[in-house]
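Please model the entire structure based on the sequences and the hints provided.
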Amino acid sequence: MKKYVLLVLIILFNYTSQSQVIYEEINSKKIGATQRIKIQLPRNYETNKDKRYPIVLVLDGDYLFEPVAGNVDYYSYWEDMPESIVVGIIQGENRYLDCSYDNINYLPDEDGSKFFEFIGLELIPHIDKEYRTAKFIIGVGHDFTANFINYYLFKSPPLLNGYINLSPDFAPMMEQRIADRLAAIPGRIFYYVATGTDDIKGLRESAESLNNQLKEIKSPTLNYYFDNFEGATHYTLVGRGIPHALEKIFSVYRPISKQEFNDVLLKMETPISEYLLDKYKVIEELFGITNNIRVNDFLATLAASEKTKQWESVRDIAALAQKQYPKSVLGDYYMGRYYEESGNARKAMRIYQSAFDKEEVDFITVDVMLDRAAKIKNDFGY
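As numbered in UniProt numbering, residues 1 to 382 make up the sequence shown, in order.
If you are wondering where the hints come from, they were derived from the structure by calculation, not from laboratory data. Source: prediction; values computed, not measured. Idealized CB from N, CA, C, for every residue including glycine. Do not rely on the hints blindly, as some may be mistaken.
The list that follows gives simulated cross-link-like pairs (lysine-lysine, DSSO-like), each with its CA atoms no further than 30 Å apart [as the list claims (entries may be wrong)]:
| # | residue 1 | residue 2 |
| --- | --- | --- |
| 1 | LYS267 | LYS248 |
| 2 | LYS279 | LYS267 |
| 3 | LYS327 | LYS201 |
| 4 | LYS307 | LYS377 |
| 5 | LYS135 | LYS49 |
| 6 | LYS218 | LYS248 |
| 7 | LYS201 | LYS215 |
| 8 | LYS327 | LYS248 |
| 9 | LYS327 | LYS307 |
| 10 | LYS327 | LYS279 |
| 11 | LYS327 | LYS309 |
| 12 | LYS51 | LYS201 |
| 13 | LYS218 | LYS135 |
| 14 | LYS201 | LYS258 |
| 15 | LYS38 | LYS135 |
| 16 | LYS279 | LYS218 |
What follows is a list of derived Cβ distance ranges for each label pair [claimed, not checked]:
| # | residue 1 | residue 2 | range |
| --- | --- | --- | --- |
| 17 | LYS347 | SER156 | 50 to 58 Å |
| 18 | THR197 | GLU247 | 48 to 56 Å |
| 19 | SER156 | GLN259 | 35 to 43 Å |
| 20 | LYS307 | ASP180 | 43 to 51 Å |
| 21 | ASP367 | GLU341 | 19 to 27 Å |
| 22 | GLU247 | SER156 | 28 to 36 Å |
| 23 | ASN296 | SER354 | 21 to 29 Å |
| 24 | THR34 | GLN322 | 20 to 28 Å |
| 25 | ILE200 | PHE261 | 28 to 36 Å |
| 26 | LYS347 | GLY187 | 44 to 52 Å |
| 27 | LYS323 | ASP128 | 29 to 37 Å |
Here it is, written out as structure tokens:
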């Protein structure tokens, strides 16, 4: 519990000291009124002029925006998720009109339809026009608004790529509609539901009922996650659900961990180089992000390739490291290791020697490079 409180304090301090919130008003023709929104841009938004960012859309922005924005800032700082633009819609008591549904078909009624169209036809296009956005949007809602974000599932294609449902207060028939739709959507969807053992009884039972249906869906494009937090109430589960949801949705984005190294990389029978390339291909396809491969991921896959004696993977990954980080010793060191193991010691020695003026990385220092070159020279008499 103490660790959890400390984490929350760190997030809030980090958020308040580093982030700047922009307030805007949008004159909406769809709802016939002015809608206030909050926007948090990534820390380095102004300096990274060519970079594009996913959108995290937050309903109930008057109280849900800050915990979402704080977690997004914290997780992206540690590269556990991509930097993102957080957009909060300030609703207050209007949330019940904004997200209202018809009592016969249980779809958005007149007011709900106006708000539905405001988000899809005015708000998102406005954010896309004014800011550098990637084509990946996550929606976040709590109880009544959590139900509402699910209506975007039924667009073709869905407006949102990810859905974070915090103690959802589902409309009648919605659970079955969600299950049927998620089983049929051909594109990749991320879907998260959170409840708690002390949540409102009807909402907890509804979330558990939906979970029983969704966990049976066998779809390669559905990424589904469910949490039932022990001791969490309707309100406290929000603080636990948000980081869990972000962590799970963006799991593929995270740097390669020790567990992934031991349980996946060291046991691979297929080329480890393909695993690395596939990881970043998925990141690009899902989030619209074309970053360089992280040094951490280069080190992990190269070390695993060396340990499992996948020397062709060492060669291919090292060549990519030389291209992406030409001023670093990283690619040169492992390219030298490849030539050592493939029987071309002279070429390995030259590569080691040529890296004397490059930037050191982790354990790969200039001295290590020159020592390997000297050992080859002594062993072979070059």
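Hint check:
1. LYS267 to LYS248: holds (23 Å)
2. LYS279 to LYS267: Cα-Cα ~17 Å, so holds.
3. LYS327 to LYS201: violated (59 Å)
4. LYS307 to LYS377: Roughly 24 Å separates the two Cα atoms, so the pair holds.
5. LYS135 to LYS49: holds (17 Å)
6. LYS218 to LYS248: Answer holds: LYS218 to LYS248 is near 18 Å, not above 30 Å.
7. LYS201 to LYS215: With a Cα-Cα distance of about 21 Å, the restraint between LYS201 and LYS215 holds, given a limit of 30 Å.
8. LYS327 to LYS248: Given pair LYS327, LYS248 is violated - Cα atoms ~34 Å apart, limit 30 Å.
9. LYS327 to LYS307: holds (25 Å)
10. LYS327 to LYS279: holds (24 Å)
11. LYS327 to LYS309: Measuring from Cα to Cα gives roughly 26 Å; hence the hint holds.
12. LYS51 to LYS201: Cα-Cα ~44 Å, so violated.
13. LYS218 to LYS135: With a Cα-Cα distance of about 26 Å, the restraint between LYS218 and LYS135 holds, given a limit of 30 Å.
14. LYS201 to LYS258: With a Cα-Cα distance of about 40 Å, the restraint between LYS201 and LYS258 is violated, given a limit of 30 Å.
15. LYS38 to LYS135: holds (20 Å)
16. LYS279 to LYS218: Holds. LYS279 to LYS218 sits at ~22 Å (cutoff 30 Å).
17. LYS347 to SER156: 50 to 58 Å: Roughly 56 Å apart at Cβ, these two residues keep to the hinted range, so it holds.
18. THR197 to GLU247: 48 to 56 Å: violated (21 Å)
19. SER156 to GLN259: 35 to 43 Å: The hint (35 to 43 Å, Cβ to Cβ) holds, given that SER156 and GLN259 are roughly 38 Å apart.
20. LYS307 to ASP180: 43 to 51 Å: At roughly 47 Å between Cβ atoms, ASP180 and LYS307 fall inside 43 to 51 Å, so the hint holds.
21. ASP367 to GLU341: 19 to 27 Å: holds (22 Å)
22. GLU247 to SER156: 28 to 36 Å: holds (29 Å)
23. ASN296 to SER354: 21 to 29 Å: holds (25 Å)
24. THR34 to GLN322: 20 to 28 Å: Because 54 Å falls outside the window, the suggested range is violated.
25. ILE200 to PHE261: 28 to 36 Å: violated (42 Å)
26. LYS347 to GLY187: 44 to 52 Å: holds (47 Å)
27. LYS323 to ASP128: 29 to 37 Å: holds (32 Å)
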